[in-house]
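One letter stands for each residue in the lines below.
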Amino acid sequence: MSDLIRLTAAETAAAVASGAASAVEVAQAHLDRISEVDERVHAFLHVDTEGALAAAAAVDSARAAGATLSPLAGVPLALKDVMTQKGIPTTCGSRILEGWRPPYDSTVTARLKAAGVVILGKTNMDEFAMGSSTEHSAYGPTHNPWDLDRIPGGSGGGSAAAVAAFEAPLAIGTDTGGSIRQPAAVTGTVGVKPTYGAVSRYGLVALASSLDQAGPCARTVLDAALLHATIAGHDPLDSTSFDGPVPDVVGAALRADVQGMRIGVVKELSGEGYQAGVQQRFDEAVALLTGMGAEVVEVSCPNFPYALAAYYLILPSECSSNLAKFDGMRFGLRVGEDDGDPSVEQVMGRTRAAGFGAEAIRRIMLGTYALSAGYYDAYYGQAQKVRTLIARDFAAAFEQVDVLISPTAPTTAFKLGEKLDDPLAMYLNDVATIPANLAGIPGMSLPAGLAPEDGLPVGLQIMAPAMADDRLYNVGAALEAALLSNWGRPILQEAPSL
Amino acid sequence: MSDTPSITRADVAHLASLARIDLPPESLDHYAEQLAVILGAVAQVAEVAADDIPPMSHPLPLVNVFRTDEVRPSLTSDEALSGAPSVESDRFRVPRILDEA
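Which chain is which? The protein sequence lines are A and B, in order.
Here the first sequence stands for residues 1 to 498, where the numbers follow the numbering used here.
Here the second sequence stands for residues 1 to 101, where the numbers follow the numbering used here.
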């Protein structure tokens, strides 16, 4: 039953629960799909066939024994390779962690396992989640299922491509500056960055600790909500985990009603640099929201033009500190130990030069510079003040409106190689997603259509106040239903067959 | 736009040494060029008048988070050492840490 790969996560869970399909059949169908297409897509760095089938068999046994299944039991999922999974290779897309098998599960991994979610394998990513194209993976790029010569976004290009290519109905991503939302936008899928602190970072290999947040990747808003509800919630193992109730995201996705809501279009996230077809699909979505009874107004966030600059000081600073632990002493690669009688510092230097790729090295050096004596106040200190102003812009905006919207990314998927050696051009892909990370608020990207000029997916971003993640799902599901009714079928059915 | 910082080959070598990255000499010029471009762009933060604005290091208003001090299960030493490049007598084995050979 190859149609099993076309089901949504909600439909899959229902099929498993009712006995219409076994979890093992579902897992096998996805493993077969991976065998069939992943040589071309390269969404996965590691496929855990044995583990996936064992997890699926456990779900089937539980059902046979009459146990109550959780809402995602038996649903396959692709896990971004930045999340630890006990005994399974975890590389973060880097040579420096090649062959490392973590001795523990991340909290997200543990919650997925406890919910009977079937983890198929680990997905490709830009090295340590630094990039917008997945080209900075040490293991080669992932290809966009819509056009294999184009980027799938990044850093979570593997997770988004796996979902778009029907290799998995669900995936886990992590979003530091847009790494869930921008890949969702360019692959025609749904991706959500929850409120900072909503999902535990325990076992998420840190890039920038004050920005990183794990979240769901899916093909529908409801599926994303089901996964969000499964992984969110307080965790004593993460001291920055938010200790409060998880908003009812599933209820919000089922409600899908924007009647009377106030929706703000961010003035600063449009215009120059935004592709015409991206803007056109965004404008059409605005009209749909108005037609459904929402009040749409323009809102100004005057400090947003400085968000990118602040981010590319704060992120490298935190990254240079977090990546210091990869020194070849306790895990991962060690290089040059036998060449002469080197000191520990020489071995660290050789290991890090051999283990890190160019983008990781650029950002580590940039952070080292921004934090060094004499530059700290002008760079890192000033960037932190700008961060306060961005958060204040959001606070003022959310006094006027319930949610904010913008295009997720300024363009559709670009060609592989196009921006690889032009870091600044690459950074501009994140211009619309970064403000939410700086302020810690939640954001969602969902497909808004195909750009007329290139036929590639366009993403629309919704942003809500902290801990009001449910609003994303309410508005997203309403817009998704209206768009689907216009299109007649899900957007991924327009993608060329692989 | 603020002054574009000039980043020399020697600056890159110094940063790389602070960051413990043994860069090949032939890569220094390319990194110098790219870092100068990036720093020139991010220096834009200086345009914002923010003297009286408090810095924000974190999105959550958390100061300290405490838990009770109780014994809990943890990794065994075998598990903790399982990914180590080199192990000796139940410990991480590292190259010499002092300068004298």
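Because the hints were derived from the structure by calculation, they are not lab data.
Glycine residues also receive a C-beta, built at the ideal position from the N, C-alpha and C atoms.
Possibly wrong hints are sitting among the right ones.
Among the chain B residues that face chain A by a calculated CB cut under 10 Å, a handful are [what the hints assert, rightly or not]:
no., residue
1, Arg9
2, Ala10
3, Ala43
4, Pro85
Each pair of labels, with its calculated beta carbon distance range [stated by the list, open to error]:
no., chain 1, residue 1, chain 2, residue 2, range
5, A, Glu98, B, Val87, 52 to 58 Å
6, A, Gly340, B, Val87, 46 to 52 Å
7, A, Asn486, B, Leu18, 52 to 58 Å
8, A, Ala54, B, Ser86, 17 to 23 Å
9, B, Glu70, A, Pro245, 43 to 49 Å
10, A, Ser485, B, Leu62, 39 to 45 Å
11, A, Glu418, B, Ser86, 21 to 27 Å
12, A, Gly291, B, Leu18, 30 to 36 Å
13, B, Val65, A, Gly19, 30 to 36 Å
Checklist entry - Which earlier hints can't be squared with this structure? => result Result: hints 1, 2, 5, 6, 8, 9, 11, 12 and 13 break, sorted rising.
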